[in-house]
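Undergrad: The primary structure of each chain is shown beneath.
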Amino acid sequence: MTLEPMTGEAPAVTVRSLTKIFGGGATAYTALAGVDMDVRAREFLMLVGPSGSGKTTLLSILGCVLSATAGSAVVLGRDVTTMRPDELPAFRLQKIGFIFQGHNLIAALKSRDNVALVQELRGVPHAQALKDADEMLAAVGLAGKEHSLPGDLSGGQKQRVAIARALVGAPPIVLADEPTAALDAHSGHAVIELLKALTQERGTTVICVTHDPRIFSFADRIVNIEDGLIRPDDGSHS
Amino acid sequence: MNTELPPARRAMVMMRVGITMMLKDRARFVGTVAGVVFAVVLAAQQLGIMFGLLQKNTMFVDSAAADIWIAPPGTELFQPGQRVPASTIDLARTTPGVHLASPLVVGGGTIKKPDGGNEGITLIGTDTSTWLGGPWNMVAGAREAILQPDTMIFETADREKFGGLNLESIREVSGHLVHVGGFTWGLIPFGPSYAFAEIDAARDMLGAASNRVDYVLVTVDPGVPTEEVVSRLKARMPDLKIISGPDFHTAIVTNLLKNQLGMSFGLSTSFGLIIGLVIVALSMFSSVIDNLREFGTLKAIGCTNRDLTALVLAQSVAYAVVGSLVGLFLVTRMAAGIRSARLVVITPAWLTGLVPIVMLVLCLLAAILALYRVRKLEPGMVFR
Ligand SMILES: Nc1ncnc2c1ncn2[C@@H]1O[C@H](COP(=O)(O)OP(=O)(O)OP(=O)(O)O)[C@@H](O)[C@H]1O
Ligand SMILES: [Mg+2]
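Residue numbers (our numbering), protein chains in the order written: chain A, 1 to 238; chain B, 239 to 622.
Only chain A is shown next, with the shape it has when bound in the complex (with noise of 0.2 Å):
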């Protein structure tokens, strides 16, 4: 699939020289310094980057559930960084799909129940929330496990229903960290695919912390980071 920026259209995710700099004074310690980078629409981008380099602390302000020190970072036509507290949850809530290492679901709950939870959140009737997670599950490989707890379910399956839970209702942005790093080589794989064709054929935008190199493959782009820094010789496409 071939990603030429379309005219008119606007980048999904807009970096642009930001910082974060955890701590102060002898401890302080930067995480980001000075990242550039942008996200198409639709694209399914891979950050990828030694530990402790920085792709978390990217994608967690991204995903505004962290502040930054400097520099802008806009997502879908919103500059996150300087967003007021109050309004990060329903920017969350209504535009981001999150898709952690663990699985994150709650314990307690159905796997429909995990799901639908987002939906009524958003303002979607109980009913109609229910239906939409039984589809998504159907839509991850899961019909038949809507009842479930996510404790009577293998890795793979919780994290296909973390996956059901990050694309319900379509956001128009998925931001996943390390997805398959909890999985085996087989579920990791079969983990991923499903993403990358959900989303595809939602047109949805994914940013994609990995380690894993086997499944370099379904990235659309992989961008490096280092030292808090976007390798320069970015931007190929995969």
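Do not rely on the hints blindly, as some may be mistaken.
[Unchecked claim] Reference listing, derived: stretches of chain A covered by chain B, where coverage requires no fewer than 3 residues with Cβ under 8 Å from a Cβ of chain B:
1) 77-84
2) 114-124
[Said to hold, decoys possible] Below, in silico cross-link-like pairs of lysine to aspartate or glutamate (EDC-like), each with a Cα-Cα straight-line distance of 20 Å or less:
3) Lys614(B) - Asp485(B)
4) Lys399(B) - Asp353(B)
5) Lys472(B) - Asp459(B)
6) Lys294(B) - Asp485(B)
7) Lys351(B) - Asp388(B)
8) Lys95(A) - Asp227(A)
9) Lys614(B) - Asp528(B)
10) Lys350(B) - Asp442(B)
11) Lys95(A) - Glu9(A)
12) Lys110(A) - Asp263(B)
13) Lys350(B) - Glu406(B)
14) Lys614(B) - Asp86(A)
15) Lys262(B) - Asp152(A)
16) Lys110(A) - Asp442(B)
17) Lys614(B) - Glu87(A)
18) Lys131(A) - Glu146(A)
19) Lys262(B) - Glu146(A)
20) Lys496(B) - Glu314(B)
Rather than coming from a laboratory, the hints here were simulated on the basis of the structure. All of these numbers come straight from a predicted model, not from anything done at the bench. A virtual CB, placed ideally from N, CA and C, is assigned to each residue, including glycine.
Position chain B with the ligands against the provided structure of chain A, taking the given hints into account.
TA: Leaving out everything else, chain B with the ligands in the frame of chain A:
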């Protein structure tokens, strides 16, 4: 996609999640409810016993059919003590608005057991022309038995203690042989149980003057306000204590709470509540700590602090409701089990109504620590 969910519905959604999470953790749920139950049982039981003990001390005043008591000056409790002048009765009877005025004699006596030992009794000499001073709560025989010479009525709970008393048993009371003419139930104050005799017989047994009067019991004419008669009696007998029955009751309760019962029962009741508070608070806090990742995830996917507050408070309300219901059930059962002539555990309706409210406040207080932790939680932690 930008439809705003009304806050109430959104809170309902979060409360449902909270309750589901609470019920999933079966062991913690049972433990926390047990904490609330403990607080309810201990607090309500302590108060119930306290009310029971207060009742022991007011029961004579409560049961006596007197609207007004004339007592020796300085009287604070109903107990043997100083006398009132014999002339008091005539003074009272000639006061406008007074219907009946009856003397009452109260004194300490002893009953000799067949095996030789002695036990104390609170000897009541009652005016059998009015019966204002008892006896009441008869479970065997009739009160009229004391009209027979040398006949008394005793407390059924002390029959064994007094050496196997039966109707028609003969015992020596303060040096006089008497027949047992009947039994009352539950007339045991802090001191020895009440034992009733005709007033002149009682004076005899007490070795008292034939005109001894300890209290005068007054009833007022129909339609006359008690307070008015109290004022008139006070004017005529400024040196005596003139007090209405309900006021005497209140004075006894106040006196006992201030001097003896209030402190110890207040402490034990608070103790129960504090332990309950600590158990619920620790349980809710540790639940948040154990599920920190889940709370962080909820925040990351878009839940606000208000959402998570609804979730946590739903749990604390549920603990309060379930704990109160179970606790009150146990309290009622235990009160029935404990109930005897010696101690009646009294749980008035208002106490039953108050328990869930107090537990609600307690559980909401207990949630503060958990709420503080949840609100402080950074959603970014889920990526760590
Ligand atoms: N809250 C924090 N306080 C201080 N330092 C932090 C904090 N969070 C991250 N760091 C530091 O910032 C640097 C970048 O962390 P980050 O988690 O973004 O790396 P990463 O690329 O995701 O690494 P990994 O591949 O191991 O997940 C690390 O050196 C980390 O120790
Ligand atoms: Mg990381």
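Undergrad: Does Lys262(B) pair with Asp152(A) here, judged by a C-alpha cut-off of 20 Å?
TA: 14 Å, holds
Undergrad: Are three or more residues of the stretch 77-84 of chain A within 8 Å, CB to CB, of chain B?
TA: violated (count 0)
Undergrad: Are Lys131(A) and Glu146(A) close enough, with their CA atoms no more than 20 Å apart?
TA: 11 Å, holds
Undergrad: Can the restraint linking Lys472(B) and Asp459(B) be considered satisfied, given a maximum Cα separation of 20 Å?
TA: 17 Å, holds
Undergrad: When you check the alpha-carbon spacing of Lys614(B) and Asp86(A), does it fall within 20 Å?
TA: Roughly 14 Å separates the two Cα atoms, so the pair holds.
Undergrad: Straight-line Cα separation of Lys399(B) and Asp353(B) no greater than 20 Å?
TA: 11 Å, holds
Undergrad: Lys496(B) and Glu314(B) were given as a pair; does the straight-line alpha-carbon distance stay at or below 20 Å?
TA: Given pair Lys496(B), Glu314(B) holds - Cα atoms ~12 Å apart, limit 20 Å.
Undergrad: Would you mind confirming whether the straight-line C-alpha gap from Lys294(B) to Asp485(B) stays at or under 20 Å?
TA: Holds, at about 17 Å.
Undergrad: For the pair supplied as a hint, Lys95(A) and Glu9(A), confirm whether the alpha-carbon distance does not exceed 20 Å.
TA: The hint holds at about 18 Å.
Undergrad: Examine the stretch 114-124 of chain A: at least three residues should have C-beta closer than 8 Å to a C-beta of chain B.
TA: holds (count 7)
Undergrad: Is Lys350(B) close enough to Glu406(B), meaning Cα to Cα at most 20 Å?
TA: Since the Cα atoms of Lys350(B) and Glu406(B) sit roughly 15 Å apart, the hinted pair holds (cutoff 20 Å).
Undergrad: Is Lys614(B) close enough to Asp528(B), meaning Cα to Cα at most 20 Å?
TA: 15 Å, holds
In the structure shown, a violation is registered for the earlier hints numbered 1, 3, 8, 16, in ascending order.
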